[in-house]
Amino acid sequence: MKILVGIKRVIEYSTKIRLKADFSGVETNLVKMSMNPFCEIAIEEAVRLKENGYASEVRVVSVGPSSSQETLRSALALGASSATHILTNRNVEPLGVARLLAEVARKYDSNLVLLGKQSIDEDNSQTGQMLAGLLGWPQATNAFKLTVLWPENKLVEVVREVDAGLETLRLALPAVVTVNLRMNSPRFATLPGILKAKKQPIEILSAQDFGVDITPHTQIMKLELPPKRPACKMVTSVDELINLIRTEAKVI
Amino acid sequence: MALRRPFSSTWKLFRQNEVLGSSLQKFYSSSIATTRDSKFNSITEEDVTFFRSVVGPCNVVTSASALEGFNQDWMHTFQGASGLALRPTSTTQVQEILQHCNQRRLAVVPQGGNTGLVGGSVPVFDEVVLSTSRLDQVLAFDPVGGILTCQAGCVLETLNEYAEERGFVMPLDLGAKGSCHIGGNVSTNAGGLRVIRHGSLHGSVLGLEVVLPDGQLLDLNRPLRKDNTGLPLHHLFIGAEGTLGVVTAVSLLLPTRPSVVNVALLACSSFQTVQEIFMEARRSLGEIISAVEFFDRASLDLALRHLPGVADPLPADSAPFYVLLETQGAHGEHDTEKLHNFLAAIMSEEELDTKLRVVGGTLAQGAQQQQQLWRIREGITEALARAGAVFKYDLSMPVPLMYELVEEMRARLREEEDVSVVGYGHLGDDNLHLNISAPSERQSCTRLRGLIEPFVYEWTSNRGGSISAEHGIGQAKAQYMPLAHTPLALNLMRRIKTLFDPNGIMNPYKLLPRQICNSVGA
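Chains as they are written, first to last, in this note's numbering: chain A, 1124 to 1375; chain B, 11 to 532.
To be clear, the hints were calculated from the coordinates, so they are not data collected in a lab.
It cannot be assumed that every hint is accurate.
Interface residues of chain B toward chain A, partial, derived using beta-carbon atoms under 8 Å [said to hold, decoys possible]:
(1) 269
(2) 321
(3) 323
(4) 324
(5) 350
(6) 353
(7) 354
(8) 357
(9) 370
(10) 373
(11) 375
(12) 376
(13) 377
(14) 379
Note that the Cβ used here is the ideal one computed from N, Cα and C, for glycine as well.
Work the whole structure out from these sequences, hints included.
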């Protein structure tokens, strides 16, 4: 089985988000970036499948500017075998990413595409689903457990977390699976892995190389921060609390 | 003058203390302060009424259950018997309290976050606890100079968040940051994880506001980087452990916030390798080093066993020693390049570098992995507390000697059942944290303690080390002060103490108890 893992470089989850001065976008200059946490989980799952003998190759791919290479190298340090970088400075929408991933999957004959269920910057949760549609492959999203069944028949069993509980699906490969938080705990990259990854070549391509149109179909009209929460009022007695609930909050 | 009736609950506890009743045997108390100093009066109803008028009834604590937290230290090693805790909300209130206590000869224990590890922050008998928890305001911040002025009861972690929002960080960091107060940090000259980068509080503290034992306000608060005007009095209070007065406000010089932090964990096959790694790191990483910590396999095992949600970051590279290295800097690429060169050097296959070779290691990818690595090192103290009884030793000595002591202690306690000796600490500051973990019921075992003390202190002292690198003296080490200082030095300390606190009400039985004073003469 050949696995393809799509990863994205995003603003570090613990960083406070600031908007650009003209409110045209989020400030990313000198801001801490790192791999999308769900993508880390996808890589961990892929590397485990390789270590357990189910996969012969784990290729990671990322769409983004040159700084995405850092993220690809992190993935290589964690155990990915090869990396492809689709270089673009444009903000690419999920449909554009899905089209590009479809081309990469076709090029490398991938049997299983693993993605994070969403990225923590845009929170779209669309790329995996669109990718499956474009390729005509079965999909399982929000996965928290993946088991390979009967390798000869090429089936995977995926347990998904849904509102009503847990849903178990069986998918015939090739398939697209997007992963959820509780699937695994990503490992620490070993020093030999990190140093080896530094020297590994990364394939660099562009959207034109695949003939994919990444023109956006949406336009951001306005961006604003959520309204500032009013300061917490400390009360000194129960009577004062009741009075405020009546007069200010007006709920009784 | 009417005979004052002692405050009822304190009276009962006082009677118990007189004979060191069995109810106190659960905890170990310093063997030196076994009798309450009779020069102190007991708290009366009139005192309580007075305090209520000063701080308000909701800031006077008298119920036994609410006082438990004030009377017990964080490690549950020391137990006091105070019947009264006060939470002043202003410096003026602190003055009024101390003035009254000084007149009435009531002993006082200043208490911050109560995270101290030597019993310096809890009462021994019925001393009044003066808590700084309501003195929690930031007073001023100078964004150009990077100077912060705040009240003594501000929690370190809260101050760090305040500083980070403004592009700065606090000049110290320790595992207790979520609970400790800056006033307590200053009074104990707290060290912590980043002394190697930011230096000691004697450098970062620019000024203090202190209330003297007689209630007078000593304003030494100059939020200025440089001020050479006479004898530097504020330094006396840094590390005085509350025995000279109550620190009510602090001015600190803040370092700028780094834009990139890297954390690496290295597995080493011997303590010799640990030392070589440290020297190489200092040489090749230079100014970007912000922390160098080490811990042994026993410490890691303890953390993995007792800390929820903590997993081995290097399951394939088990080793007897681990070094946690952190760098902080203003430029990401510069730091990463330096760090990668250093890591490549220590992973080298060449024969020349065998001394430097590590068994394995990792570089944290992202803030979450960094936090996971720090959680292990910072959590060892907590893991020890969860494991049962702890005998804790914080010692300074040249690095090459550090693990010798750990191994000697292991040999000494070889025959003891279920007792394990762990060694970890601030490698970059010559600071060893030697801990002996035993089943809970052995906390008060004098035989076991006798095997450890005074051997550990004498061993350290004989080799020119310090019996307390950063934890301070408190109750736990007061009796060993003669190992730390000459009679002349101790005498001068006693005289300074008497100068500031003629009635001796501030944190008695700590740091310089009567026995020390008596043995060096008046």
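Hints and how they fare:
Of the supplied interface hints, the one on residue 269/B holds, with its beta-carbon coming within about 6 Å of a beta-carbon of chain A, less than 8 Å. For residue 321/B, the suggested interface contact is upheld, since its CB lies about 7 Å from the closest CB of chain A, less than 8 Å. Checking residue 323/B against chain A: minimum C-beta separation of about 5 Å stays under 8 Å; hint holds. Satisfaction of the interface hint for residue 324/B is found here, the shortest Cβ-Cβ separation to chain A being roughly 7 Å, below the 8 Å cut-off.
Taking 8 Å as the C-beta cut-off, the interface hint given for residue 350/B holds, the closest approach to chain A being about 7 Å. Hint status for residue 353/B: holds, given a least beta-carbon distance of 6 Å to chain A, under 8 Å. For the restraint placing residue 354/B at the interface with chain A, the shortest Cβ-Cβ distance is roughly 6 Å, inside the 8 Å limit, so the hint holds. Residue-level restraint check for residue 357/B holds (minimum Cβ-Cβ distance to chain A is 5 Å; threshold 8 Å).
Taken as an interface hint, residue 370/B checks out: its beta carbon lies about 6 Å from the nearest beta carbon of chain A, inside 8 Å. Taking 8 Å as the C-beta cut-off, the interface hint given for residue 373/B holds, the closest approach to chain A being about 6 Å. Checking residue 375/B against chain A: minimum C-beta separation of about 5 Å stays under 8 Å; hint holds. A cut of 8 Å between beta carbons decides the hint on residue 376/B: the least distance to chain A is about 4 Å, and the hint holds.
Proximity of residue 377/B to chain A holds as hinted, the smallest CB-CB distance being about 5 Å (cut-off 8 Å). With 8 Å as the threshold, the beta carbon of residue 379/B comes within range of chain A, its nearest partner Cβ sitting at about 6 Å, so the hint holds.
Figure legend: structure checked against the earlier numbered hints; every hint is met.
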